[in-house]
Amino acid sequence: EEDGEFLGMKGLRGQLGRQVADQMWQVGKRQASRAFSLYANIDILRPYFDVEPVQVRARLLESMIPVKMINFPQKIAGELYGPLMLVFTLVAILLHGMKTSDTIIREGTLMGTAIGTCFGYWLGVSSFMYFLAYLCNAQITMVQMLSLLGYGLFGHCITLFVTYNIHFHSLFYIFWLVVGGLSTLRMVAVLVSRTVGHTQRLILCGTLAALHMLFLLYLHFAYHKVVEGILDTLEGPNMPPFQRVARDIPVVSNAVLNTTAKAIALT
Amino acid sequence: FPGLADVSISQDIPVEGEITVPVGSHSPDEDFSTLDEPVKDTIMRDLKAVGKKFVHVMYPRKSSALLRDWDLWGPLVLCVSLALMLQGGSADSKDDGGPQFAEVFVIIWFGAVVITLNSKLLGGTISFFQSLCVLGYCVLPLTVAMLVCRLVLLAGAGTVSFIIRLIVVGAMFGWSTLASTAFLADSQPPNRKALVVYPIFLFYFVISWMILTFTPQ
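Just so you know, the protein sequences line up as chains L and Z, in that order. Using UniProt numbering, the letters of the first sequence map in sequence onto residues 1 to 267. Using UniProt numbering, the letters of the second sequence map in sequence onto residues 1 to 217.
Hint data in this document are derived by calculation from the structure and do not stem from the laboratory. Model, not experiment: these values are computed from the prediction. Be aware that a few hints might be false.
[What the hints assert, rightly or not] The calculated DSS-like cross-link candidates involving lysine-lysine, where the alpha carbons are at most 30 Å apart (straight line), are: (1) Lys-120(Z) - Lys-52(Z); (2) Lys-52(Z) - Lys-40(Z); (3) Lys-75(L) - Lys-120(Z); (4) Lys-193(Z) - Lys-120(Z); (5) Lys-29(L) - Lys-120(Z); (6) Lys-193(Z) - Lys-52(Z); (7) Lys-10(L) - Lys-29(L); (8) Lys-75(L) - Lys-193(Z).
[To be verified] Across the chosen pairs, the derived CB separations fall in these ranges: (9) Val-144(Z) - Arg-18(L): 52 to 58 Å; (10) Trp-73(Z) - Lys-68(L): 54 to 60 Å; (11) Phe-54(Z) - Lys-10(L): 51 to 57 Å; (12) Phe-221(L) - Pro-189(Z): 41 to 47 Å; (13) Gly-170(Z) - His-198(L): 50 to 56 Å; (14) Leu-72(Z) - Ala-32(L): 22 to 28 Å; (15) Asn-41(L) - Ala-194(Z): 25 to 31 Å.
[Claimed, not checked] To give an idea of the chain Z side of the interface with chain L (calculated C-beta under 10 Å), a few residues: (16) Gly-111; (17) Leu-122; (18) Arg-192; (19) Ala-194; (20) Leu-195.
Where is the CB? At the ideal position from N, CA and C, for every residue including glycine.
Here chain L stands alone, though its shape is the one from the complex (with noise of 0.2 Å):
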């Protein structure tokens, strides 16, 4: 550069040109480093990891027993860790069940059709739950309500991890009723403790219970196809139900569909 040349300004002109260009550049830049400290800053979220592995446990069994005292604001912990690794365990469990039933997803990947699922599941019903509280004056705040239905998505994990595996009807309904129930059941009353009136009390526990419980329906049926796929091939002559529909599945459910197969066509 000579004469102190910018952009084809010579002289005073290019020295000026530089030095506006530099001043700019660090402006800009430091803008940038400030908002990027304000917004991704990932320390607001700190304080809702701070959890001991005893008190996730303690938390998950918790999880499972309905309290008696619904007329005193029962405790919730505004813990984020827990119910986050139960969405993932969810969205694990649920990649396997599709996998075992040969779900064919046209528009889009397994990946991210479970994905999308458990986690708009998650904060798109927290996020209702918690306009439904602020309508029905209920003392909960996002953080708790999500951390309480991340909770209750541990009774889910089970159900659907089991019933993955041993593919019997019955066998999910009455995990469906038990289990879903009992976890549908503690959310319910905690939000109960924290609620006042009937008629609010009526609305947000409908609304919950509902949505928890048909979830759990839908993530049975929507990803299990197969049951479908038995009672297809059950026109088929001498074909064994599971040789069509999934896939590398070992000898030993084999026998178990076809108990299952035998137990259906006789209803």
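On the provided structure of chain L, position chain Z as indicated by the hints.
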């Protein structure tokens, strides 16, 4: 300055010396030295670093080489090769070849980012890219398992081959989890190791599951 009254420099002795302060230690890759070397040297140096990290993963010992000089070349190569090998393994192969590759890619990188954020939020002392580097390199045993599975599937797809593949994938899954735990769990407070290990376990479990349920068309 009274104390300096007796300090004097005679006029005819010239004062000489260096006015610049010498720079302490030269970093191993100063700009001018690595720009001028032949391309083969640069590539060989990077390849050697990647190879050394592969060895560290296969024999996990308490060494900080993986953490200190992190790089993402190894994870990229492993991720791409795993995704390529997992392609074409679905029922409807004409429109599922594409998403299968993208799925694996997204799972690995998205999963690694989530685990890293989780370990940072739990109070870890490791940096973002170091953690990504470790998690990516520890996919190596699973890539080896995928190779073995493909070879076994060439021979047939019966029960025996399933049992062999189950054992191989299970062993490699355990190895991956142990290797990454050996590197990552040290940076956590001691009573919270389980909280960090669980997402890593889930992550490698999902990848192992994808490898195990792979059937070529």
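Task: Hint numbers contradicted by this structure - done: Every hint satisfied by this model.
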